[in-house]
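Number of protein chains: 2
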Amino acid sequence: MTGHIYSAGLLCAALVLPAVAAETPLSAEDSDPGKLGWMQGFPPPADKRLRAADGSFFEFPALRYSVAHMREFSPTVNVSRGLEAPVVLNYRPDPVIDTLRFMPWGSDQPMTFAEAFDHNYTDGLIILHRGDVVYERYAGALKEDGQHAAMSVTKSFTGLLAAILVAEGKLDENKRVADYVPELTESAFGDATVRQLMDMTTGLQYSENYADPNAEVWQYSAAGSPWPKPDGYTGPVGYFEYLTGVQKQGEHGDAFGYKTVNSDALGWVIARVAGQSVAEQLSQRIWQRLGMEQSAYYQVDELGTPFAGGGLSAGLRDMARFGELVRNKGRWQGEQIIPSAAIEDIERGGSQAAFAKAGFDKLKDWSYRNMWWITHNDNGAFAARGVHGQTIYIDPAAEMVLVRFASHPVAANGANDPYSLPAYQAVADHLMSVKTQ
Amino acid sequence: MTGHIYSAGLLCAALVLPAVAAETPLSAEDSDPGKLGWMQGFPPPADKRLRAADGSFFEFPALRYSVAHMREFSPTVNVSRGLEAPVVLNYRPDPVIDTLRFMPWGSDQPMTFAEAFDHNYTDGLIILHRGDVVYERYAGALKEDGQHAAMSVTKSFTGLLAAILVAEGKLDENKRVADYVPELTESAFGDATVRQLMDMTTGLQYSENYADPNAEVWQYSAAGSPWPKPDGYTGPVGYFEYLTGVQKQGEHGDAFGYKTVNSDALGWVIARVAGQSVAEQLSQRIWQRLGMEQSAYYQVDELGTPFAGGGLSAGLRDMARFGELVRNKGRWQGEQIIPSAAIEDIERGGSQAAFAKAGFDKLKDWSYRNMWWITHNDNGAFAARGVHGQTIYIDPAAEMVLVRFASHPVAANGANDPYSLPAYQAVADHLMSVKTQ
Numbered sequence: 001m002t003g004h005i006y007s008a009g010l011l012c013a014a015l016v017l018p019a020v021a022a023e024t025p026l027s028a029e030d031s032d033p034g035k036l037g038w039m040q041g042f043p044p045p046a047d048k049r050l051r052a053a054d055g056s057f058f059e060f061p062a063l064r065y066s067v068a069h070m071r072e073f074s075p076t077v078n079v080s081r082g083l084e085a086p087v088v089l090n091y092r093p094d095p096v097i098d099t100l101r102f103m104p105w106g107s108d109q110p111m112t113f114a115e116a117f118d119h120n121y122t123d124g125l126i127i128l129h130r131g132d133v134v135y136e137r138y139a140g141a142l143k144e145d146g147q148h149a150a151m152s153v154t155k156s157f158t159g160l161l162a163a164i165l166v167a168e169g170k171l172d173e174n175k176r177v178a179d180y181v182p183e184l185t186e187s188a189f190g191d192a193t194v195r196q197l198m199d200m201t202t203g204l205q206y207s208e209n210y211a212d213p214n215a216e217v218w219q220y221s222a223a224g225s226p227w228p229k230p231d232g233y234t235g236p237v238g239y240f241e242y243l244t245g246v247q248k249q250g251e252h253g254d255a256f257g258y259k260t261v262n263s264d265a266l267g268w269v270i271a272r273v274a275g276q277s278v279a280e281q282l283s284q285r286i287w288q289r290l291g292m293e294q295s296a297y298y299q300v301d302e303l304g305t306p307f308a309g310g311g312l313s314a315g316l317r318d319m320a321r322f323g324e325l326v327r328n329k330g331r332w333q334g335e336q337i338i339p340s341a342a343i344e345d346i347e348r349g350g351s352q353a354a355f356a357k358a359g360f361d362k363l364k365d366w367s368y369r370n371m372w373w374i375t376h377n378d379n380g381a382f383a384a385r386g387v388h389g390q391t392i393y394i395d396p397a398a399e400m401v402l403v404r405f406a407s408h409p410v411a412a413n414g415a416n417d418p419y420s421l422p423a424y425q426a427v428a429d430h431l432m433s434v435k436t437q
Numbered sequence: 001m002t003g004h005i006y007s008a009g010l011l012c013a014a015l016v017l018p019a020v021a022a023e024t025p026l027s028a029e030d031s032d033p034g035k036l037g038w039m040q041g042f043p044p045p046a047d048k049r050l051r052a053a054d055g056s057f058f059e060f061p062a063l064r065y066s067v068a069h070m071r072e073f074s075p076t077v078n079v080s081r082g083l084e085a086p087v088v089l090n091y092r093p094d095p096v097i098d099t100l101r102f103m104p105w106g107s108d109q110p111m112t113f114a115e116a117f118d119h120n121y122t123d124g125l126i127i128l129h130r131g132d133v134v135y136e137r138y139a140g141a142l143k144e145d146g147q148h149a150a151m152s153v154t155k156s157f158t159g160l161l162a163a164i165l166v167a168e169g170k171l172d173e174n175k176r177v178a179d180y181v182p183e184l185t186e187s188a189f190g191d192a193t194v195r196q197l198m199d200m201t202t203g204l205q206y207s208e209n210y211a212d213p214n215a216e217v218w219q220y221s222a223a224g225s226p227w228p229k230p231d232g233y234t235g236p237v238g239y240f241e242y243l244t245g246v247q248k249q250g251e252h253g254d255a256f257g258y259k260t261v262n263s264d265a266l267g268w269v270i271a272r273v274a275g276q277s278v279a280e281q282l283s284q285r286i287w288q289r290l291g292m293e294q295s296a297y298y299q300v301d302e303l304g305t306p307f308a309g310g311g312l313s314a315g316l317r318d319m320a321r322f323g324e325l326v327r328n329k330g331r332w333q334g335e336q337i338i339p340s341a342a343i344e345d346i347e348r349g350g351s352q353a354a355f356a357k358a359g360f361d362k363l364k365d366w367s368y369r370n371m372w373w374i375t376h377n378d379n380g381a382f383a384a385r386g387v388h389g390q391t392i393y394i395d396p397a398a399e400m401v402l403v404r405f406a407s408h409p410v411a412a413n414g415a416n417d418p419y420s421l422p423a424y425q426a427v428a429d430h431l432m433s434v435k436t437q
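So the sequence lines, in the order shown, correspond to chains A and B. The first sequence begins at 1 in this note's numbering and counts up by one. The second sequence begins at 1 in this note's numbering and counts up by one.
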């Protein structure tokens, strides 16, 4: 599955589908956006122009440019870093990392970490060990003072903000969604608990199969588009209105079902509870507290609603600062910024039985909690994950935070997991050996 | 003339028209965007929603919200501040300033500086004296970590970037525009000199009379809109293509004619010369060099072209840092950041005879040079000016930089000049008296 998974406002889900591309895509080197010249020139020549309105900007290889330029294609809302001086990270580069070898899943050909960087169409990768930067590298269209589309990594921010409100006693995870957002009473979300929403165990009639032109994701996409609706459009306007019409399918609480609408419904719930949009909450609670280098931003729909399911763009190092906050259970520079209970609840994970029903066969024993992916591996690793290979991967045992931005041609983590997850494990193993020296 | 001067992408000119409003607009207090509740709520109620596509977001009083949220209504391109720590300004507040009295033009009722703040619908005002902050105040929708639409103040950045290239010998002001942008050969700009373009003494068939539905500004607006063109649209796409069709009227070099298209044509010229967009140049040459607190941004057309004639939004203090750079002839913290010759050329001013022909009767003896407004007053003051009262006002004799963001209901500086320019002079007089104490 390649190509066009964005249409007019909706950035999609970290589906884990078979990594079968219709044709062999260009390599990372050959698809380098600088080399291909997207949007270069004054004006760019006709064949190098990318537009959001027709979706062309998010077709591979053009998406390799666009992931680092989302706000040039869409209205956005700022996530202010505040005005203080950035907190400078300490550097302790470890040249061994690029030479680490690992065995990709289903392969008998080892690969080095450096080879995986390109194989996975990585745009930026940073690794912190005990808070120090041991690895940092940029490629594609991403610069160190640029921002990259986090896509479904966004969901983990939404889930964490909700978990914070739960930990603070402001949001009751046992209440029904309709208790907080009455407009959702008649929708599938209405009688789900907040907890079911946070863990995506709602029963929804909603397909994110981008290959199906009738899949609900396309209607969601149209509703959330920031562009004027076409003549004759009679559907919902904005993410929230769409959510009010989502129908139930099956029962809540039975199975994990990875559906972006859950994140936006949760974004609605926490906006109502906090009286602030997810963008405002993220700025006030986190972005202004960690000495971020850059403000971040969300894409918005035509009512100004931040896309809580996939609309965040941010700088690589700032994502690492955030990851380090999470690794340290909410502490940053000696201060408890967010409740440790919110992080501990993520680390404990969700129901592995519910997760198993979702059919992510390669993610054996994993679970999903507060919109984070929990590996339940020996190291207790857990992650935020985006559909083109973006991740914030936190390995508590290895005292490691790894953040990767990417623009893989296949819009499904099944395409990169075999070449990324074991690579992350190799780094963790290496850092743990360093640790014991 | 009130109201809707924005349509789908074009922010307009600092026209100086008679300050006659069709009806008495709400006061600054009564039009406070927080009080009126624009875009508040999840989602905002129907009567509080603002949209860019239908222009509603830029009608007074809604514009009082929108001027501080431009990127929520339009695709934009970042002007990166880089990643260094901001340069902290020194504070030396002068409480006398708010009490200073001045006589508005054409009035016999004195007004205090504080009264003028509200009278002029000020959203933010900062004054530096010898580089120290002596006054700083926010109102309306602007926060200290927010950005405000600079509108035609943007032109002065474009003009200064061009003046820098001239000073560096990279741009020949005596060459014809078509020598740099061959696509403009057949347009009115083709046989104008770069100098005529920089000083807006081109002869163009182009009206920015927003009251006239057939004025060319509306076609320009449609071309520069970031939104998909309506069905059946056959006009130019993007700012640059529009410029190729501008026709000549009269002769070049005779008279100052304040027309936004000159700034965008100049933006095109300097993009070609530097191989960088105006946004990239502004970031690299200025925004990354002054320890700015915030990145700035430009609105873009659907080809990603920054709107060099009016699309910049930035923070108030960062505008003051920039003003201080200009006041110090390009020096900042002991380093020459931009050539002093570029600033000196602005300070000398342009042709007062050419300016007099433009009919700005209240701006007697002024001139226009490198897209800055030169007062030729005793203090040698000069300014960047935006259509709702935005300004960067530099008074060399008083060692003063005054930056004001505003959202006056009347889209013409003629409405606020009688209550702002004498107020600035009163501050200058005061600071000069401080100086001699």
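Keep in mind that the hints were calculated from the coordinates and are not lab data. All C-beta atoms, glycine included, are put in the ideal place defined by N, C-alpha and C. Take the hints with a grain of salt, since some may be wrong.
[To be verified] Straight-line C-alpha distance at most 16 Å; calculated EDC-like pairs for lysine to aspartate or glutamate: (1) A:Lys-143 with B:Glu-280; (2) A:Lys-229 with B:Glu-280; (3) B:Lys-229 with A:Asp-231.
[What the hints assert, rightly or not] Output of the computed footprint for chain B on chain A, the stretches with three or more beta carbons under 8 Å from beta carbons of chain B: (4) 104-116; (5) 120-126; (6) 155-166; (7) 328-337; (8) 367-379.
[As the list claims (entries may be wrong)] Covered, in the sense of this in silico footprint (three residues per stretch, anywhere, with C-beta under 8 Å from a C-beta of chain A), are these stretches of chain B: (9) 34-47; (10) 218-231; (11) 301-312.
Structure-based check of each hint:
1. A threshold of 16 Å between alpha carbons decides the hint, and for Lys-143 of chain A with Glu-280 of chain B the separation of about 13 Å falls inside it, so the pair holds.
2. For a cut-off of 16 Å, the pair hint linking Lys-229 of chain A to Glu-280 of chain B is broken: about 32 Å separates their Cα positions.
3. With a C-alpha separation of about 13 Å, the suggested pairing of Lys-229 of chain B with Asp-231 of chain A holds against the 16 Å cut-off.
4. Coverage of a stretch by a chain is defined here by at least three residues with a beta carbon nearer than 8 Å to that chain's beta carbons; for the region 104-116 of chain A and chain B the count is 0, and the condition is violated.
5. Figure legend: the region 120-126 of chain A, annotated as covered by chain B; annotation inconsistent (0 residues with Cβ-Cβ distances under 8 Å, at least 3 required).
6. Coverage of the region 155-166 of chain A by chain B is violated. Counting CB-CB distances below 8 Å, 0 residues qualify, and the rule asks for three or more.
7. Counting residues of the region 328-337 of chain A whose beta carbon lies closer than 8 Å to any beta carbon of chain B gives 0, which falls short of the minimum of three for the stated coverage.
8. Residue count for the region 367-379 of chain A with a Cβ under 8 Å from a Cβ of chain B: 0. That is fewer than the three needed, and the coverage hint is violated.
9. For the region 34-47 of chain B, the proposed coverage by chain A is satisfied: 4 residues have a C-beta within less than 8 Å of a C-beta in that chain, meeting the threshold of three.
10. Closer than 8 Å: that is the beta-carbon criterion, and the region 218-231 of chain B has 3 residues meeting it against chain A, so the requirement of 3 holds.
11. Proximity of the region 301-312 of chain B to chain A, defined as three or more residues with a beta carbon under 8 Å from a beta carbon of that chain, is established by the 4 residues found.
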